[in-house]
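Asker: Build out the structure end to end from the sequences listed, making use of the hints.
2 protein chains.
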Amino acid sequence: MKRPTILVLGAGYGGLATIVNLQKNIGPDVADITLINQNDYHYESTWLHEASAGTLRPDQVRYDIADVIKSDKVKFVKASVEGIDIPGKQVTTDNGVFSYDYLVIGLGFEGETFGIPGLDKYALSIANVKAARQIREHIEYQFATWSMEEVKDDSRLTIVVGGAGFTGIEFLGELGNRVPELCKEFDVPQEKVRVICVEAAPMVLPGFDPELVEYAVGHLQAKGIEFSIGTPVVEATPEGVKIKKGEEEFDFVKAGTVVWAAGVRGNRLIEQTGIENMRARVKVEKDMRAPGHDDVFIVGDCALLINEEVNRPYPPTAQIAMQQGVTVAKNLIALINGQETETFVPDLKGSVCSLGEDDAIGVVFGKKVTGAKASFMKKMVDNRALYMLGGPSLVVKKGKFNVL
Amino acid sequence: MKRPTILVLGAGYGGLATIVNLQKNIGPDVADITLINQNDYHYESTWLHEASAGTLRPDQVRYDIADVIKSDKVKFVKASVEGIDIPGKQVTTDNGVFSYDYLVIGLGFEGETFGIPGLDKYALSIANVKAARQIREHIEYQFATWSMEEVKDDSRLTIVVGGAGFTGIEFLGELGNRVPELCKEFDVPQEKVRVICVEAAPMVLPGFDPELVEYAVGHLQAKGIEFSIGTPVVEATPEGVKIKKGEEEFDFVKAGTVVWAAGVRGNRLIEQTGIENMRARVKVEKDMRAPGHDDVFIVGDCALLINEEVNRPYPPTAQIAMQQGVTVAKNLIALINGQETETFVPDLKGSVCSLGEDDAIGVVFGKKVTGAKASFMKKMVDNRALYMLGGPSLVVKKGKFNVL
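If you read the sequences in order, they're chains A and B.
Take 1 as the starting number for the first sequence in the UniProt record's numbering and just add one per residue.
Take 1 as the starting number for the second sequence in the UniProt record's numbering and just add one per residue.
Please keep in mind that the hints were generated in silico from the structure rather than gathered at the bench.
Careful: at least some of the hints might be erroneous.
Since copy identity is lost for identical chains, a pair holds within one copy or between any two.
Claimed, not checked - Straight-line Cα separation of at most 30 Å, BS3-like style, residue types lysine-lysine; simulated pairs:
#1 K330 <-> K254
#2 K192 <-> K121
#3 K223 <-> K242
#4 K78 <-> K184
Answerer: Now the structure itself:
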């Protein structure tokens, strides 16, 4: 009898958690397991705001996949997925075609610009580690150029952040710490720098406790960050963004850097699979399988999971993605053994939004936390992700310890 | 009797050496000495190739002027010089107007583009520490963008260096070391990167011993650097440079970065003084005064000094500029005391051209040196400049020791 082939696409939190839990619980002769990822490293997508602002170096937010997988049980292939053929049960990549018996799709998120003209072309997006690095270099280049040029264009020093959700706020928190460093490094007077958050919705951090939101906005404002809330970006140009301030009232903000952090969607490859989806997200079955496809699991940002208590989707977090990986690994083993799959039940330990190196807000085990304590909790959460995927040695190597 | 006022413009090697030697040899009541400089720091203009390539950080190539001057004897004013009124004996700056009895002009070099179209606009120049920093950031931004973009434009990774003189070669030497680092940092395959040196003259490093030149070119080629010699750049565009290869033969090199290192001239302010000059350089008298102006000294790159042995100008080096400062300080004191000025006699200890961290070529005390030994000598030369202007404490703080 031929061993079944398990193909896992993507080494993000969901895909890697699936792999790690498979290799822990399966013998080497039970299945052929292959992990396909476009890079030979995993990066912490929850830390990208720090790499984008420049408060962490790119190499601090990623680690080699080889450090985490057991090569006697899992084969790693560095390749970009180009197409998923569900009826044919095979995946096309730029490095060969791979057949599967069971497929796990963990291809992550993409930025969503909602068709706003110019954003695709003129805004940067905190989409992945390479994009984050480009944002960092873009901002540094603007500062260096301002410092150098004879006729100074102060708008080079304006950074517009589109979106006051989780990513936008965390990025603003890092910028609040990074701007004074940049000013020192590039001989720029700090009063020349503007950081403006523009949000279409009438609120900051929807879903967060209003008291915590107030804390966050106040602390970011104290760092000099401006907020323009309830005012959608309607266009981006090479010079900046056009913002709708009222019914017929528009404002143009000249800005050398525009970072779009206002929306995410699933990976576009999902849309070509024939699997039912909404903005490339699949409303998965209770056991994390795609509806109507018993051999396909979806994990992480491509999976849409409804929290029935509030009838809204769970947020696409690393915490939930890793928990999904645990369940998917179990369910794969169950399927191979001809057993029943189990239901995925998220265990929400809380949510902490960083406001920079030493500040944060959040709810942890039902308790509101702010400031240094919340920041400590945030680093615990970050280190926990390392621990769950790579064990204590990875925490020592890549963990965050400069706390309290 | 009123104390005379000595005004020194520029805190480069020549100006700072004048100040340091004045404050060492003059009592506090003998003269009012003011140093004007646009930055509150001195930078090592002989180290700019390292800051440009990114092998040294900008803060490693500069130090505070306050660390070097004695405030009881010298007043420092941070200001940009806007005009020099020789008949009115005053200097206009963006921070006030200053009268003088004796003036020392040490305003340094500017890049010379020889009227080649587009260079001013599309090429970067290793002109000062801010320009060097911009070059570094420009290159890093190109690498980050290449790494990020979906349709890759390989010309982003092409760096054209215009000029195979001292500055061009030293910059190429640093790039030879820096490119592998950049490739690692930004996930760029090294074979995608091109570094091309384009020189109009038929030779590399004119004035250097041919055997040393051969060594330099061979070692740079071994690091992957290409040479196009005897082929002038005739135009720069946003996409790259047009190179004349033959009578009617042209080549266009697409390049994300063009650095122009092919010519220097004196500061443009000299041209508005009425003092006779050639490309903003003044052919000074034997005692370093401007011809026909007994109260004006010129030091450093704005001074043109003929080596009568070979009937060619001495090269504009830090070594000679600092020696000039010693003589100018002596001559200022002589003038105040009603004594005769002395003739400036350069003492050429040698010349070493760096080829990167661990390699160099040069002639020191009449002997040819290459490789690690020459590199060591180069660092000695660099540390000597620190020692002469700031004493042993500055060598400890900013010196180069990672040798042999």
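Asker: With identical chains, the pair K223 and K242 could be close in the same copy or across copies; at 30 Å between alpha carbons, which is it: within, between, both, or neither?
Answerer: within (24 Å within a copy, 48 Å between copies)
Asker: Using 30 Å as the alpha carbon limit, work out where K192 and K121 are close: within a copy, between copies, both or neither.
Answerer: both (26 Å within a copy, 25 Å between copies)
Asker: Go through the copies and call it for K330 and K254: within, between, both or neither, with a Cα cutoff of 30 Å.
Answerer: neither (52 Å within a copy, 54 Å between copies)
Asker: How would you label the pair K78, K184 (within, between, both, or neither) given a Cα cut-off of 30 Å?
Answerer: between (40 Å within a copy, 17 Å between copies)
Of the numbered hints stated above, the single one contradicted by the structure is hint 1.
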